[in-house]
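J.: Chain by chain, the residues run as shown.
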Amino acid sequence: MTTPNPRPWYLDWTQWICPGPRRRFSAQELTRAGAQPWPKGIDAYVALNLLTLLAINLKELPRPWAPWALLVLGGLWALSMQAARWLWRQPTRRNLNLALGLGLVLIVGGLLGLRVLQGPLRSLQGAERQGLWVLVLLGVACGVMAASALWFLVLYRVQQIEARLTELDGLDAQLALQRRLATAQIHPHFVFNTLASLTHWVETQDPRAAPLLRDFSAYLRATLPLFERDQLPLREELELVRRYLAIMQARMGERLRWRIVDDAALDELPLPPGSLLTLVENAITHGIEPSLRGGEIEIRCARVNGGAQLQVLDSGQGLQPTDAAPGLGLANTRERLLALHGPQATLSLSERPEGGCLALMTLPSPP
Amino acid sequence: MNPCKVLIADDEEAPREHLRLLLAKAWPEAQLVAACANGVDAWDEALALEPDVCFLDIRMPGLTGLQVAQRLSALQSPPQIVFVTAYNDHALAAFEAGALDYLVKPLDGERLARTITRLQQRRLQPASTPASAPADLQALLQQLLPRRSVMRPIQASVGKEVRLIAPEDVIYFESDARYTRVVTADSEALIRTPLKELIASLDPDLFWQIHRSVLVNSRAVQSALRIDENNMQLSLKGRSEKLPVSRQFQGLFKGQ
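Line order of the protein sequences matches chains F and B. Under the UniProt record's numbering, think of the first position of the first sequence as 1, with each following residue one higher. Under the UniProt record's numbering, think of the first position of the second sequence as 1, with each following residue one higher.
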């Protein structure tokens, strides 16, 4: 979230009237950042400062004032520590100014109180009178110190929360990317099932082993570095799809029939790597594999109005309400398509009236 | 003891053949009674042949291996089940926890041999101790299986007309040679989809299989009558015909 006010702080008149952080956190943001524990160091630091202050000033004070000094200092100390803890939990400008206002009221109130007492105090002489002034100055100095300390505390705390939120955002983005890549990566199910067929054919010296091994190696070689590239020409993507279908053909036998209708003019059309492959994988795993009689897959690449239309048609069991996975894969592909070709690129999945599904990718004409 | 009857099911040919070869080598006394290419065949053959051990691939068309196992475990004398899978389906951890047998593809001869030893030991145990605690297996599978989706209407051609029948209106389905009879309160239709394939799309809690060739709507059942040791008959609400319950399914009607 950015502040709506871009002016530097010294031109922002509100900062002169009620200073403090501009950034306000919502309750959700505060919960998300988590409650960082109150730094114990602050307690020790403040206590040390107060002791030093006392040690210096105590001998300036005449004896009768010493208890008063201790009382004032102790009260200020307890109050400002309470305020500090409160601001640590809710570091807003409003709260800071409430705390500062309260402090000001206390100091002004204290001075006014002395003025009321002026009559009896007038009789004080010499050293005693001077001691009173020391006491007043000591109170004011502590108040100002407490105020600036609170101000810094709030600024520090706001920055800490902001940094934590930024860090969490970064982590989230990284996780989302990893998840996206993981869904697009080679499916282990595919790998081990292919290896299962290979194992059998190698052990029985079946002639189907060699071509399957060749296709599988080519497929792996092409897919493993796939997601390091930003784009892939349609020609290479189709090669990948061919390898994939050849592997599935070897495994599924008659249950799978497939063909690719190619257009050489579209060979160099850039695609998000693996996008067409994802659609074909979906057609196999959600359409053909679950269908008792198997089915057909056809991939059609055609030029339309200077742009291109890529279709993946299958005659499988159609969309199933329980299939959550194709929706997810589809959303990822759509996102990557958008990044590469802009908002004119579309991707849709629909049921065909004759049964099965149609995945349709429409790409705009190149600029 | 009779030779152990084994059924295997995998939708892909090579892994299926691989298992068949490995079994022949590692367990020559066993008798392979069926090698099925999908879940509905596996279930149907299991009813017909009553195997002692079933090796079920998890991902199969029609019924998945888990669905077949769920049905098998509800039978009067359920077979022992070994799941076969290519990769860590979320089920594997559950199998591990439930001490169920499973194999991963590509199959490994040694691992298979260990599984066979375990299957043989269980077969030697007296019949009174349940082989793999079927009740636990059922609870486990219940957890693993997704909730069923909405049943689609059944499309039956009657002359030139295509009639849509809501599954919940059907009283019972019966296999009839090459057709399936669909009986509702006020009509009857024949459809070409074999009963064993129809099973896969129907809610097993609503439609109970009571015979290899009969599926009855549990809400239409009036009572079950035991004729003798092996025979049981169902009466239906508002209908005169009686439906036979085969021995394997008699456990459905226990009474309380």
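Errors might be hidden in some of the hints.
Restraint-style ranges between C-beta atoms, simulated for each label pair [unchecked claim]:
id	chain 1	residue 1	chain 2	residue 2	range
1	F	G34	B	D203	42 to 48 Å
2	F	G342	B	S201	40 to 46 Å
3	B	D108	F	S217	18 to 24 Å
4	B	Q155	F	V304	33 to 39 Å
5	B	A94	F	R214	33 to 39 Å
6	B	E188	F	Q231	56 to 62 Å
Some residues of chain F that are not near chain B, with every Cβ distance over 10 Å (derived) [what the hints assert, rightly or not]:
id	residue
7	L71
8	V108
9	A196
10	S197
11	W201
12	R208
13	L213
14	L224
15	G253
16	R255
17	L338
18	P364
Here are the simulated EDC-like pairs of lysine to aspartate or glutamate, each with C-alpha atoms no more than 20 Å apart in a straight line [unchecked claim]:
id	chain 1	residue 1	chain 2	residue 2
19	B	K25	B	D136
20	B	K25	F	E128
21	B	K237	B	E197
22	B	K25	F	E203
23	B	K5	B	E50
24	F	K59	F	D169
Please keep in mind that the hints were generated in silico from the structure rather than gathered at the bench. Glycine included, each C-beta is placed from N, C-alpha and C at the ideal position.
J.: Going back to the hint list, which numbers does this structure go against?
T.: Per hint list: 9, 10, 11, 12, 15, 16, 19, 20, 21 and 24 violated.
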